[in-house]
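Protein sequences appear in the order of chains H and R.
Taking the UniProt record's numbering, I'd label the letters of the first sequence as residues 1 to 651.
Taking the UniProt record's numbering, I'd label the letters of the second sequence as residues 1 to 651.
Source of the hints: derived by calculation from the structure; they are not laboratory data.
It cannot be assumed that every hint is accurate.
As the list claims (entries may be wrong) - Derived pair list, reagent style PhoX-like, types lysine-lysine, alpha-carbon separation capped at 25 Å:
{"id": "1", "chain 1": "R", "residue 1": "Lys644", "chain 2": "R", "residue 2": "Lys499"}
{"id": "2", "chain 1": "H", "residue 1": "Lys257", "chain 2": "H", "residue 2": "Lys243"}
{"id": "3", "chain 1": "R", "residue 1": "Lys66", "chain 2": "H", "residue 2": "Lys352"}
{"id": "4", "chain 1": "H", "residue 1": "Lys175", "chain 2": "R", "residue 2": "Lys379"}
{"id": "5", "chain 1": "H", "residue 1": "Lys499", "chain 2": "R", "residue 2": "Lys563"}
As the list claims (entries may be wrong) - Ranges of calculated distance between the beta carbons of each label pair, as one might list FRET restraints:
{"id": "6", "chain 1": "R", "residue 1": "Val380", "chain 2": "H", "residue 2": "Lys49", "range": "51 to 59 Å"}
{"id": "7", "chain 1": "H", "residue 1": "Asp67", "chain 2": "R", "residue 2": "Gly194", "range": "49 to 57 Å"}
{"id": "8", "chain 1": "R", "residue 1": "Asp68", "chain 2": "H", "residue 2": "Ser431", "range": "25 to 33 Å"}
{"id": "9", "chain 1": "R", "residue 1": "Gly378", "chain 2": "H", "residue 2": "Arg212", "range": "36 to 44 Å"}
Note that the structure is a prediction, hence the values are computed from the model and not measured.
A virtual CB, placed ideally from N, CA and C, is assigned to each residue, including glycine.
One-letter residues, chain by chain:
Protein chains: 2
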Amino acid sequence: MNIQVILLLLLFVTLNSCSLIKSLQHPLDPLSPKEINKIRTIIQNSHLKTLSNLTYHFLDVEEPNKDDVLHWLSSSERKENRFSRRAKVVVIGGRQTHELIVDLSKGLIESNHVHNGHGYPSLTFEELLQASLLSQKDPKFLNSITRRNLNISQVSCLPLTKGWFGEVMSRREVKITCFYRNGTTNIYARPINGITIVFDLESMKVTKYMDRYRAPLPTAEGTEFHARRLEPGPTYPNTTNSKFSIQGNVIRWGDWKFHVAFNSRAGMIISTASIYDSKEKRYRRVLYRGHVSETFVPYMDPTEDWYYRTFMDVGEFGFGKAADSLQPFIDCPGNAKFIDGYLIDALGMPNKLPRAICLFERYSGDVAWRHTEIGVPGKVIRNGEPEVTLVARMIATVGNYDYILDWEFRQTGSITVGVGLTGVLEMKATSYTSTDQITEDVYGTLVAPNTIAVHHDHFVTYYLDLDVNGSENSFVRSSLQTERVRGFPSPRKSYWSIKKKVLKREADAKIRLGSEPAELIMVNPNKKTNVGNPVGYRLITGQPAYSLLADDDYPQMRNAYTKYQVWVTPYNKSERWAGGYYADQSHGLDGLAVWTRRNRRIENEDIVLWYTMGFHHVPCQEDFPIMATLQSSFELRPTNFFDKSTILYKA
Amino acid sequence: MNIQVILLLLLFVTLNSCSLIKSLQHPLDPLSPKEINKIRTIIQNSHLKTLSNLTYHFLDVEEPNKDDVLHWLSSSERKENRFSRRAKVVVIGGRQTHELIVDLSKGLIESNHVHNGHGYPSLTFEELLQASLLSQKDPKFLNSITRRNLNISQVSCLPLTKGWFGEVMSRREVKITCFYRNGTTNIYARPINGITIVFDLESMKVTKYMDRYRAPLPTAEGTEFHARRLEPGPTYPNTTNSKFSIQGNVIRWGDWKFHVAFNSRAGMIISTASIYDSKEKRYRRVLYRGHVSETFVPYMDPTEDWYYRTFMDVGEFGFGKAADSLQPFIDCPGNAKFIDGYLIDALGMPNKLPRAICLFERYSGDVAWRHTEIGVPGKVIRNGEPEVTLVARMIATVGNYDYILDWEFRQTGSITVGVGLTGVLEMKATSYTSTDQITEDVYGTLVAPNTIAVHHDHFVTYYLDLDVNGSENSFVRSSLQTERVRGFPSPRKSYWSIKKKVLKREADAKIRLGSEPAELIMVNPNKKTNVGNPVGYRLITGQPAYSLLADDDYPQMRNAYTKYQVWVTPYNKSERWAGGYYADQSHGLDGLAVWTRRNRRIENEDIVLWYTMGFHHVPCQEDFPIMATLQSSFELRPTNFFDKSTILYKA
């Protein structure tokens, strides 16, 4: 991969002079390689050039003002492309984190804010790779490997973020965990346990080393996984004749129009999604921006080797940085179309990620609607249509885990957001070969001899800036309550009715889902249907899960938002990352749980919905050596948004 | 439809003499037309022939002894086909309900039990049709129609079951509700409200008539729905090259082997599902029988027109009787194969239902598993496979609602059971044309001018006789509990661990799902994996829902099982219908909530899992005039059933 990066670097230096300037389609378009190069040149020519070890940790379009984007979208002068391009860049230089705003048209650094708070920006691929390689050359580590009678050439090391556990002083450090391949490419299956390595990313040195104990090494046998060879085409043909268009980053399909972008932190971002209303003869706004905001993955083993494994995949690593080049016919079906993404390396050079996102029409054999009517004399009237949807997908591989991230658009106006978890479990070595031998808490499942897969959670938190038919929205909790029949005679004694409550402030909208039945609806109180219902979109969730860690536990303090599945905040351009912007070693002083302490008004305001999809993972043997995809999803479903069903044929 | 029935009747009389005798594949095979005719002949020649108005309400294979079926399955002498065929038949004659067991080989009625308890068998299509037609000829009704200035030729009437509301004496009656088509085939959109008609099914007469008030008739405009013309083939081609076989009623696909049958009450029944274990080189049992047991659909309007609408679709009407002939390319994709079903009419004659069940391989673009590994030096190793599943589907249209009922088998050993709700809402006429005018509780949503769609629930209860690797199983609740770190130093303060509880008696296994995190696993305590885990299958549910009606309300007493989503009972051949066998006008004296009062042992016994999937339906305007399919599902997922992942290529 290191060689790959160098090759890509060389390729870009060569290509850059002749790269085509793509005309701007949309203010939220990601930065082009040409723009990235220009930004780097601006920075290299600034006062920052004197800083030691200048490394690039983030670079993307600076979030434009929402009003400006909405004005641009609605303006007929759109073609003139007068939207100024500004970038947000986070660099570390001279051991300080600089947050830069770069104006591309003016060719200058507009502002430079030095981050003095807790936490660090996401790690670069290069420093992770160096930490891994340098750890493996450390004499103490070599000694440990020799004493275990292992061959260093068969060792793979993985740097892991170390979290925060109350330390007053912090350094940019990672913890290194190592594996023995020797006969398998499934490195996670053969952990070399008992060694603690702390690696300092500033000095690029091992700063703490402990060889505490030796655990048996699980066998390589039965750990390998390979795909069978597929025959693309006949076996997995196009499912439908695709009827969507990609113009730059703007996708049109059926009545839908939306923008899709690729970002190093969130991965895929869906923006300015609108749906054409054939009755009103115009596009109506649904979602301004939606993306994964944070992913919290705490492991449930408090021992020395494992306690710190409480990952914030989005903030610490980045779902975009971890995005994988999609495999046609495997990751996406044969009818998929692909969009490339661009990332930067540690030096600020653009790297192309081919096939970062795919889009495909899906026909899974499901039924969009149907009915058979026998109530009309002398007739049996059968009707119905198969369901065809449009899926936008990316996949992030964060170490052992692969996250399949889908946004599925339906002809009904519904959006289903899906997460599929697959990949390899994190495992620890053990002397146990059978559960009969176990009398202590081992914090996981014995999935193979000498192999325990550790209990853990995944909380995938979504930022959902819904703009239901406009920016000013309210969030309504419609509770279903049992009523006794009163006031008139009825053979019935009970029924349920709806108690609607408009949630007025942030504290009202912290919702832990459970058995209490309620509908959660984002409405526009200023826009009514033909019969007077406020237009809305409803959140339909799956089986709910929330974090079970104690409130005073450090990883929970950093991810306090995972105690509730639903939050609503007033829109604020700077509030997008539920676990805080500087997530690496953060202290929980930024993020959703902190912002909402102000308990701001959320009624008839431009508001944002946050939803956390949770998985408690008790591993089982079927998850070894590879996990079958575990799916979950939520749906944003129009609820009195339209005057009537929109799935019928519009002749 | 009446003409259709007559034509089918004629067809069968003609075909019967030359129909082929299909050799018996499986003891659970449904009765063939020849067998049905033989049964009818046996009954007509018995003492029952003297009974007045003999009508057939149920006819199917009498549930064989499980031990006998299992012995037959495992026996090498299977080909000799020595399984005796016995049928269960329910007839009404001389105003009494007779439950007959007919021995086909001996050609005689083995037993005749007269049902003296409460409740009646499911209604026949013919009596429903006659109730509808005769009501429309009633002079009082004709007068009501004339006074409303309506044209009787444009009126459709629908007989509805009337439930039970504490009456001491009961008669086999239905309530008739009528609609005005005149410009639409969507009859439900134009209810003629204010008229109460009670129709006696024994005397075939209107026994109670009240014309109470007149409500405005909603307009026909905008109520019609039609499918667009599809191009089969190019637009919706085969998704995969189907690789499953159908031998009689036995389906083989991948490692799976199961039996599928069609029954007038449950609809589709999946039986003796086993999965081939390539390590053990034998089929291992998973599910003995699985099917919909009952469906409770209470409406939430306590007024005279609506209070009684508390349907038990399976017991009162029958999902098989309501099954629809599947539409190729709409209800099932182009690669589907179909199985016909046989029903009986009121005279005990066989009626063929073409395409009652479809089976198809599904490739929806999802990923079965995948991983990208960059931890092996110098390599980027990408692996994965697309997910292909096998779906067995039927669709029941019970009046206005269409239930799409799927059983999806996965290569992992997982079974996903899905329900899709579509069709037309039940609506009532109102004077309101805008929500602004409404100041009272209208028990529903104004979905169009003068049209309120009434709040209601759907509880679809499944009978799941899991036999995980054998008949003796236990049901385990694995609770996830927050633990404080104690006994050793750790920077972490908390984690969760698993507290496993084997549920010993029926009362322990009445579970209302909520926010309390737990895994529910059916295990075989007598069979361990290679590392000692008990083999199991886990129930993964969706968003939970339970009935909100008061416990002392009559419909709730009849459907008390809907207060908990999960129940476990010891296997008992006669306990299959959660709401009781004689559901029509039942008093709640039979069924799951009654049987379990004995609080029988369920540990290491042959046990049955019951799961209720619930939907609270607050209608919205998008549901009008047709509802887009609302999906829900649960999964039975192998959990330490296999020693390792089974999705990898077995070379």
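Structure-based check of all given hints:
For a cut-off of 25 Å, the pair hint linking R/Lys644 to R/Lys499 stands: about 23 Å separates their Cα positions. Under the criterion of a C-alpha separation no larger than 25 Å, the hint pairing H/Lys257 with H/Lys243 is consistent with the structure, at around 13 Å. Taking the CA atoms of R/Lys66 and H/Lys352, the gap is near 62 Å; set against the 25 Å cutoff, the hint is violated. For the hint pairing H/Lys175 with R/Lys379, the CA-to-CA distance comes to about 23 Å; that is within 25 Å, so the pair holds.
This hinted pair checks out: H/Lys499 and R/Lys563 have alpha carbons roughly 21 Å apart, not beyond 25 Å. Distance hint check: the CB atoms of R/Val380 and H/Lys49 are about 34 Å apart, inconsistent with the given range 51 to 59 Å. Range check, H/Asp67 to R/Gly194: about 53 Å between beta-carbon atoms, so the 49 to 57 Å window is met. Take R/Asp68 and H/Ser431: their Cβ atoms lie about 48 Å apart, and the range 25 to 33 Å is violated.
Between R/Gly378 and H/Arg212 the beta carbon distance is about 31 Å. The supplied range of 36 to 44 Å is therefore violated.
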